[in-house]
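Asker: Protein chains in written order, with our numbering: chain A, 1 to 319; chain B, 1001 to 1488.
Just so you know, the hints here were simulated from the structure itself, not pulled from any lab data. Please note that the accuracy of each hint is not assured.
[To be verified] Distance condition first, Cα-Cα at most 27 Å in a straight line; then the derived DSS-like pairs of lysine-lysine:
| id | chain 1 | residue 1 | chain 2 | residue 2 |
| --- | --- | --- | --- | --- |
| 1 | A | 6 | B | 1017 |
| 2 | A | 296 | B | 1373 |
| 3 | B | 1396 | A | 103 |
| 4 | B | 1336 | B | 1326 |
| 5 | A | 233 | A | 296 |
| 6 | B | 1394 | B | 1373 |
| 7 | B | 1475 | A | 103 |
| 8 | B | 1394 | B | 1475 |
| 9 | B | 1336 | B | 1394 |
| 10 | A | 67 | A | 83 |
| 11 | B | 1017 | A | 5 |
| 12 | B | 1336 | B | 1235 |
| 13 | A | 83 | A | 103 |
| 14 | B | 1373 | B | 1396 |
| 15 | A | 233 | A | 253 |
[Said to hold, decoys possible] Not the full set, but computed from the structure, chain B residues with beta-carbon under 10 Å of chain A:
| id | residue |
| --- | --- |
| 16 | 1015 |
| 17 | 1016 |
| 18 | 1020 |
| 19 | 1220 |
| 20 | 1381 |
| 21 | 1382 |
| 22 | 1424 |
| 23 | 1428 |
| 24 | 1446 |
[What the hints assert, rightly or not] Computed list of chain B residues with no C-beta within reach of chain A, every gap over 12 Å:
| id | residue |
| --- | --- |
| 25 | 1014 |
| 26 | 1060 |
| 27 | 1144 |
| 28 | 1185 |
| 29 | 1325 |
| 30 | 1420 |
| 31 | 1430 |
Glycine is no exception: its CB is placed at the ideal position from the N, C-alpha and C atoms.
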Amino acid sequence: MSEHKKIDEATGVETVGHEWDGIEELNNPLPRWWLWSFYASIVFAIGYVIVYPAIPMAHKASDGVWKWSSRGALAAEVAGAEKARASTLAAIGATPIDQLPGKPELMQAAVAGGRAAFRVNCVQCHGAGAAGSVPGGARGYPNLNDDDWLWGGDLRTIETTITHGIRFPGDDQTRQSLMPSFGRDGILPPEQVDDVASYVLSLSGREKAGAAAGRGAAVFSANCAVCHGADAKGGRQVGAPNLADAIWLYGGKHEDVVASVTNAHAGVMPAWGHRLDPVTIKMLAAYVHSLGGGEKFAPAAQPLAQESTPAGPAAAAAR
Amino acid sequence: MRNPEPMQGHQQNWYEKRRGVFPRQIDGTFRRLKWAIMAVTLTIYYATPWLRWDRGPYAPDQAVLVDLAHRRFYMFAIEIWPQEFYFVAGLLIMAGIGLFLVTSAVGRAWCGYACPQTVWTDLFQHVDRFIDGDRNAQIRLQNAPWTVAKAGRRALKWSIYLAISFWTGGAWIMYFADAPTLVREFWSGEAAPVAYASVAVLTATTFALGGFLREQVCIYMCPWPRIQTAMLDEKSLIVTYKDWRGEPRASVKAAQKQQAGSFGDCIDCNQCVAVCPTGIDIREGPQIGCITCALCIDACDRVMRQVGRPRGLIDYATLEDAAREKAGAAPTPHRKLIWHPRTLVYFAIWAAIGCALMFALGTRRHIDLAVQKDRNPPFMVLSDGTVRNAWTLKLKNMEGRPRSMTVTLDGLPGAAMWTDTMGREDAARSVAVTVDADAIRPLRVYVAAAAGTHEQSFAFRLEAKDAEGGGDRVKARFDAPEGEGESE
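All chains, please: the whole structure from these sequences, using the hints.
Answerer: Have a look at this one:
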């Protein structure tokens, strides 16, 4: 038998007996445990194919005994996250919105939850930064970062606005008001519309107060002051905008104002109470309130508001 | 391919059972060095997590702690935050170049003395000797049939393996949490699942790699011997059998019967093979299985002493020096062989990185301000016409105590700022805040400037309001509507 053994002279190692143009292969045996680990990986692979989706079928891979799927894994993770969030959501739900600022941790969670809900439900109109209409784009979507509020900017008011919407047909308690189309309906002749535009623009210094503005003042007090107020600072009961400030929802140029008086706008926001649960709406209100323009609670709720100012008891005591 | 002679009748072995290695106990210079290094390395490994280091009330008092949960790495007086991970990267690069340095100076000294695989294998081989006796007794027991006595001995030995392995795995997790607390939690079942999993995995790997696979790890699994093989050159110290002196081999008696000078110094006693922890024969020349632990030098020196021949038949030598010695010159002392250009270059790189790290560590600021502007919307016109921009400021306090700081507007005349926890009515040029110990405090600020303010640069200035002081200044850009355009 030994005459069949071929030994390489240089190394003293047996060759496998094959030869390629004079090149031979040494036989340095692999360790036995390596072989066993190879068998073990084969066994593992068989187990893997049985347990996980692996075998290609006509339409999709086999399900595997564990029925694992990436969608299932995602659903499980989402369910886990929801379970982890449940207690916080329940706490937010159980806290009246007036008392939310008094609980900074809940408030923080509400703002974070509101941010997520805003990204899904609100950005289509208000924009990702909640800055409302973009210059040059469609007008009439309010900027939620600023300190100008048509219907009020404290937490409770924002919550009501989101829940019932603005001029939304399907909700009894929706914010409701309607400005007449003074020009189109012939209530005011075009020159008076022009005058009243000059007047309101003079209030914020956008136009010099001249003769047209003087004439417009009379027109304003007769036709507009009932909603917008004698000082033109607006009326939140009816969502009448402040006309004496620097913020113009439908444009602040003379022709823009003329257009608004001629053909009145009546912006609509859906009532989200029909679509979203109260906790989400509460969180949305907290987020919108946190954007930098949120107002404190109205004086009527003074005792409560003091207790729940964001600065906490120290600020209340200092007052 | 041509296959002229099919291997008829000869069964070739493609796989090979592990040949048992039963190294004999030896004493000598290098064995003592190995003992010392084993004691030092194991002590460092097991004891370090128990060292305490007072960092005040706001930080853990464990000297070396990788606090993954709080994203902090503590090492004595040094505390590293995740964004400073380049320090750790630098240390790892130093460790890598340090290995190159050691390799170019003294060959595979890492493999022979300090590698955990070597140290733990050595430890386990001592357990073998303690339970089963020295080499011959071990071989006898290995070849003996399975009896109750043998099974008992094996069970005892493996239990000791397991205990050492468990202790090894257990010590590892102590680096990642407060050690005394973790020990208590571990035994009361309150520790995190990852702690138990880590101990289980490390116990299993230590048990398998140290207790059974041993030299197989060095020869088949570890990439380092192969890299080192490429890094060794003719100036590297390697364990060398001086064949010009040893060959041809003959026993003392056989040599005496022949005429003087016809045989070399090697008496073919095989002691160098018997003591080798990887089971190789160094007399076959340099090879990948040699971890240069130098135990064969100890063994050969002892034999040479016994037969009255000079020591150093097997000794550390460079290929270059071996050639000189073969030609008849006296061997160069080892300490002179260590320093050659490659060693010096590695040392220079290693030291340069070390100095750079020390410099960076010494000059890093413990207070820092980062500003992030709201980009959507970039600016905001308020109802009174003022222009408002918003930022999220991040105030970093790396000190182990809370600090009072102020953030002030630098530039932007007439502007005022307020935070989201105060009203606009309290707006001012600067805001005072307290930043917790060892923390980053995010602060949302609104900066408003009068109507007609143009887009311009300014800066936020951070100042610490305590005795130590210090601060930071970060430039920012204030956005405003362009010209007299309408605002919506």
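Asker: With reference to the structure, classify each hint as holding or not holding.
Answerer: Tested hints:
{"no.": "1", "hint": "A:6 with B:1017", "in the structure": "21 Å, holds"}
{"no.": "2", "hint": "A:296 with B:1373", "in the structure": "25 Å, holds"}
{"no.": "3", "hint": "B:1396 with A:103", "in the structure": "25 Å, holds"}
{"no.": "4", "hint": "B:1336 with B:1326", "in the structure": "18 Å, holds"}
{"no.": "5", "hint": "A:233 with A:296", "in the structure": "19 Å, holds"}
{"no.": "6", "hint": "B:1394 with B:1373", "in the structure": "11 Å, holds"}
{"no.": "7", "hint": "B:1475 with A:103", "in the structure": "35 Å, violated"}
{"no.": "8", "hint": "B:1394 with B:1475", "in the structure": "14 Å, holds"}
{"no.": "9", "hint": "B:1336 with B:1394", "in the structure": "56 Å, violated"}
{"no.": "10", "hint": "A:67 with A:83", "in the structure": "22 Å, holds"}
{"no.": "11", "hint": "B:1017 with A:5", "in the structure": "20 Å, holds"}
{"no.": "12", "hint": "B:1336 with B:1235", "in the structure": "11 Å, holds"}
{"no.": "13", "hint": "A:83 with A:103", "in the structure": "22 Å, holds"}
{"no.": "14", "hint": "B:1373 with B:1396", "in the structure": "17 Å, holds"}
{"no.": "15", "hint": "A:233 with A:253", "in the structure": "18 Å, holds"}
{"no.": "16", "hint": "1015", "in the structure": "5 Å, holds"}
{"no.": "17", "hint": "1016", "in the structure": "4 Å, holds"}
{"no.": "18", "hint": "1020", "in the structure": "13 Å, violated"}
{"no.": "19", "hint": "1220", "in the structure": "6 Å, holds"}
{"no.": "20", "hint": "1381", "in the structure": "5 Å, holds"}
{"no.": "21", "hint": "1382", "in the structure": "5 Å, holds"}
{"no.": "22", "hint": "1424", "in the structure": "8 Å, holds"}
{"no.": "23", "hint": "1428", "in the structure": "15 Å, violated"}
{"no.": "24", "hint": "1446", "in the structure": "6 Å, holds"}
{"no.": "25", "hint": "1014", "in the structure": "6 Å, violated"}
{"no.": "26", "hint": "1060", "in the structure": "25 Å, holds"}
{"no.": "27", "hint": "1144", "in the structure": "21 Å, holds"}
{"no.": "28", "hint": "1185", "in the structure": "23 Å, holds"}
{"no.": "29", "hint": "1325", "in the structure": "25 Å, holds"}
{"no.": "30", "hint": "1420", "in the structure": "7 Å, violated"}
{"no.": "31", "hint": "1430", "in the structure": "18 Å, holds"}
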